[in-house]
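J.: Given chain A, work out where chain B should sit, using these hints.
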Amino acid sequence: MMQSHIKSINKVAYLGVLLAFSLILSYLDSLLMFFSSIPGVKLGLANLSVIVCLYLIDYKYAFILSILKAVLSSLLFGSAFSMIYSLGGAFLSIFFMIIFYKINIIHIITVSIIGGVFHNIGQLLVAIFILKDTSILYYFPILMISGLLTGAILGFVASIVNPYIKKIISIGGNL
Amino acid sequence: MLEYKWDICIIISFLIIALSVYIFFQTHSDSFINSSKIIVLVDGEVINSFDFGEEGDYVIETEYGVNVIRIDNKIARVINADCPNKECMNMSLLSDGSNSIICIPNHLVLKNVGNMEGSYDAIAY
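So the protein lines, in turn, are chains A and B. First residue of the first sequence? That's 1 in my numbering, and the numbers climb one at a time after it. First residue of the second sequence? That's 1 in my numbering, and the numbers climb one at a time after it.
FYI, nobody ran anything at the bench for these hints, they're computed from the structure. It is possible that part of the hints are untrue.
[Stated by the list, open to error] Here are the simulated DSS-like pairs of lysine-lysine, each with C-alpha atoms no more than 30 Å apart in a straight line:
id	chain 1	residue 1	chain 2	residue 2
1	B	K5	A	K166
2	A	K102	A	K7
3	B	K5	A	K132
4	B	K5	A	K60
5	B	K5	A	K42
6	B	K5	A	K102
[Stated by the list, open to error] Some residues of chain A that are not near chain B, with every Cβ distance over 12 Å (derived):
id	residue
7	V12
8	I67
9	L87
[What the hints assert, rightly or not] Estimated spans, in silico, between C-beta atoms of each pair:
id	chain 1	residue 1	chain 2	residue 2	range
10	B	Q26	A	S8	50 to 56 Å
11	B	D51	A	I24	49 to 55 Å
12	A	I130	B	D51	45 to 51 Å
Every residue gets a Cβ at the ideal spot worked out from N, C-alpha and C, and that includes glycine.
Chain B on its own, in the form it takes in the complex:
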């Protein structure tokens, strides 16, 4: 047994490193999700971006119309819009999802980009 002491040391140290990194990510995963961002696209061009941490209301005014988005508790949603159907007000954007908010009359797309490790791409029912 003693002739393998270095082998055992190396294997155990690998296991400890792997375990500690795993535990670190389990306990600190919140700060990684917070780093995901919302980008605001009009006609496919990025005109603004927000952090999910920046809570508050933001007015996005373009030549097509006005939308007001609210970021609250890691969820972004459109709370006011001057488009006819108000379809965008029924959508919401989660910090750990990969969905998007689309307002066709105002040519507006809100997208979640950034860190999506360990979250879902899509859920099928």
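If we strip away everything but chain A, and leave its shape as in the complex, we get:
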């Protein structure tokens, strides 16, 4: 009983750290958007902390982290309107990432790719719903390819850093 309490306290503490990390990455992302010439395409660096959370802590915490990240980063660096897009993307992305993480037949890089692609698809669906114009689907191939590339990069980074973060977490007791 006591042990599980300490565990969940530990998880909440790590959730806070990862949330702060994801907000820093979101800020970095909004700076790096300068380099991408296609509007709406960005690295989605903040997804890194979600993947780390998904693999090292718990899928429920990853879900909470993803939603909080979408709300807070759009409050800080975007507008209330961009929050709807972020939430749509974040929700679909984390949903499919959790499903494929649970099925456990694919590598972390592919889980990250799925996250990236479905984040873009979610945003596109929200855009279609808001603008009531299906011609935005023109954008679909570009967004899909960009989600694939950025997801692959982030998944690769996550597969490298995960063992190190796991080591740090295990110092504070197993989760």
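T.: Same frame as chain A, but now just chain B:
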């Protein structure tokens, strides 16, 4: 290699979906451009609208004067007007552009609205 077979399947299926949507829009882009519309504004109020597909001549009669517009081959132009300068007759409206026809004496504006994905906003020389 075999342990990554699902990964490869998923990545390839994403690529195939993206490619097929791209090809679909490349081959069907005409039907999307056709859905753009001409709206007729007098004193800033929409009084009528036409499709670029509806070819023919249309008479627009208002309290300020009469203009006749012709829609032909995805181009709209004013072919007759009772205003003094006939300036509006030198302008034309393309289905894939975002320009407009303006007749100041008759308070008339013809505008292209609707689907403009993949077309130009403006061209600078």
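J.: Of the hints stated earlier, which fail here?
T.: Hint check: 3, 12 fail, others pass.
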